[in-house]
Each structure stands twice: as C-alpha cells, then as structure tokens.
Amino acid sequence: MAMSQPREIAPGATYLITRRIMRRHLLLRPDAVINQLLIYALAISARRYGVHVHALCAMSTHLHLIVTDVKGVLPRFLQFYHRIVALGTKVIRAWEGPVWDHEAPSVVRLLTPAAVVEKIAYVLANPVAAGLVRHAREWPGAKVDVGELGLGALSATRPSAYLDPENPHWPEEVTLPLSLPPVIEHNAEGFRQQVAAELERHEAQAHAQMQQLGRRFLGAERASKISPYERATSLEALRERNPTFAVGREQGDAWRIAGAAVRAFRASYRAALERWRAGVRSVLFPAGTWWMHTFHGASVTGVVSAI
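Using full-length UniProt numbering, the first residue of the sequence shown is number 1, and each one after it goes up by one.
FYI, nobody ran anything at the bench for these hints, they're computed from the structure.
Bear in mind that the values here come from a model prediction, so they are computed numbers and not experimental data.
One or more of the hints may lead you astray.
Beta-carbon label-pair distances, calculated as ranges [what the hints assert, rightly or not]:
hint	residue 1	residue 2	range
1	167	280	39 to 49 Å
2	137	302	37 to 47 Å
3	186	227	27 to 37 Å
For each residue, glycine too, the CB sits at the ideal point set by N, CA and C.
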C-alpha cells in the first residue's frame with residue numbers, strides 16, 4: 001500500500017503554507033467580516049502555539065501564510081487555525097459543504113534568506129498575478145504590506161459569527177505582531193527593500209502579461225462584490241508537484257544539499273517504522289518525527305519523551 005512521504009517538523013523552521021478552498025469557490029472573497037475572521041483566528045492560533053507570523057495574503061479561493069514554527073508544533077497550529085476559519089466561514093457564508101479542498105495544505109520549508117524573500121514577494125503579489133489589482137497594496141483582502149514586514153501588527157475584534165463571547169478562550173480583541181523571519185539577521189530594512197524589489201518584479205511581469213492578453217485588472221471594488229458562491233474560472237495547472245522545501249534562485253549547491261537531507265530523513269524514518277511495525281518499541285525515529293511521537297509515543301532522537 002502506498003504511503004505519504006514523511007515530513008520533518010523542525011522547531012524554528014520557516015514555512016510557506018497554502019490552503020485552497022473546495023472546488024475554487026470564492027468563499028474567502030474579501031469583505032470586512034471574512035477579513036476579521038481570518039486575522040482574529042490567526043492571532044489566536046499563533047499565540048496558542050507560539051508561531052511567529054511574517055506574511056499573509058488571503059485570496060478569494062486560497063490562503064497563503066509565511067510563518068516560523070518556533071516550538072515544532074506546526075500540525076497542531078494548522079489544524080486549529082484551519083478549523084476555526086472553516087467553521088466561521090460556514091456560518092458567515094451559510095455554507096453547508098466542506099470549506100477546504102480535500103488536498104492537504106501545501107507546506108514548503110524556506111531554507112535560505114533568498115527563499116524567504118522570494119516567497120514573501122510571491123505571496124504579496126498573488127492578487128496582481130491573478131489580474132485582480134494593479135498593485136499588491138490595493139488588495140482589499142487580509143494581507144501584509146511590504147512596509148509592515150517585521151514592523152506592523154494585525155488587529156481584529158472577535159467575530160460575532162461562530163465564536164462564543166462567554167468563552168474566555170475568545171477575547172474581545174487580539175493583536176498579532178508581525179515578526180522578522182529568523183534567517184534575516186540584523187538587516188531588517190535591507191530585507192524589506194529586497195522584498196519590495198522582488199514584488200516590483202512580479203508586478204511588472206503581471207502588467208506585461210495583462211497587456212499582452214489585452215485584459216484589464218478587475219479592481220478592488222469589483223473583487224469585493226463578486227458572489228462568494230461563484231467559482232474561479234481561470235485555468236489552473238494541476239498540482240503535479242508538492243515541493244517540500246525552497247532555497248531560492250542562484251543558491252549554488254543549496255538545493256542539492258537540502259534534497260540529500262530530505263532523502264536521508266525519509267530513509268531513516270522508514271527504517272525506524274519498519275522496526276516499529278515489527279514490534280521493536282525501543283527504536284529511535286529521526287529528529288523531526290512528529291506524528292509517531294505525538295500519537296504513538298515513539299522515541300525520537302534528541303527528544304526526551306513526556307508521553
């Protein structure tokens with residue numbers, strides 16, 4: 001029987017996370033209520049699991065986040081955040097079916113400063129690349145602007161939909177500080193300038209493509225008024241690959257080294273799993289093993305079990 005590839009969950013790792021809406025419905029169409037839900041739920045979830053948030057862009061059909069998983073609990077964070085967003089969206093939109101696509105979230109580990117810069121710019125440029133607004137700053141959805149990277153904060157009051165105001169877990173107002181990614185050391189302004197330059201490159205490419213196709217940008221106002229029950233009709237390439245990591249352009253041997261590390265982790269994990277299935281409960285799984293440790297109490301290299 002085929003099995004999914006094991007994923008290393010490493011404390012302190014930075015990730016690009018993407019989650020898509022079922023059948024590309026526009027359920028996250030930008031409006032005040034959905035923006036409030038997305039930001040409030042993100043702030044609550046990040047505080048609960050010690051996750052640092054760097055960038056965010058909520059498109060109508062999918063959601064992008066760039067975060068650092070300080071404690072190595074990314075699956076818990078994603079489960080909690082995506083659940084709140086899904087249940088809140090079902091109430092807000094009076095939606096009876098599933099909210100999220102049946103595919104698991106895309107989780108890409110960003111291993112170099114170049115990868116962080118490129119992926120943050122990619123996230124912020126999404127509304128422009130989709131032909132919705134001419135500049136990323138014009139997008140009315142929940143997002144982070146370049147000037148806010150490592151400086152700003154996202155704030156929201158508790159949504160009236162779904163969340164019980166009598167429950168102390170849901171405070172009336174929350175604020176989420178935006179932190180710098182840990183690979184960006186002592187050069188915050190330079191980092192923001194690099195992201196701005198990369199974002200400008202993305203925008204210029206989108207402008208040229210729209211001109212070539214003879215199309216006009218939809219505009220923020222029209223994007224906010226589309227029915228959330230419609231579906232995106234633009235062509236979208238099938239997801240043939242599900243990348244595990246990114247190193248950025250022109251990074252020498254970084255991709256080869258990272259690929260070798262992934263293969264080594266998977267080989268070590270599978271060897272340990274075979275012994276576990278054979279009844280050897282004393283086997284050590286490689287560092288970064290999360291599921292087997294969390295749900296089965298398996299021992300992990302370098303981790304003192306409290307289970």
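For each hint, the structure was consulted:
no., hint, in the structure
1, 167 <-> 280: 39 to 49 Å, "44 Å, holds"
2, 137 <-> 302: 37 to 47 Å, "44 Å, holds"
3, 186 <-> 227: 27 to 37 Å, "48 Å, violated"
Violation of the numbered hints given earlier is confined to hint 3; every other hint is satisfied by the structure.
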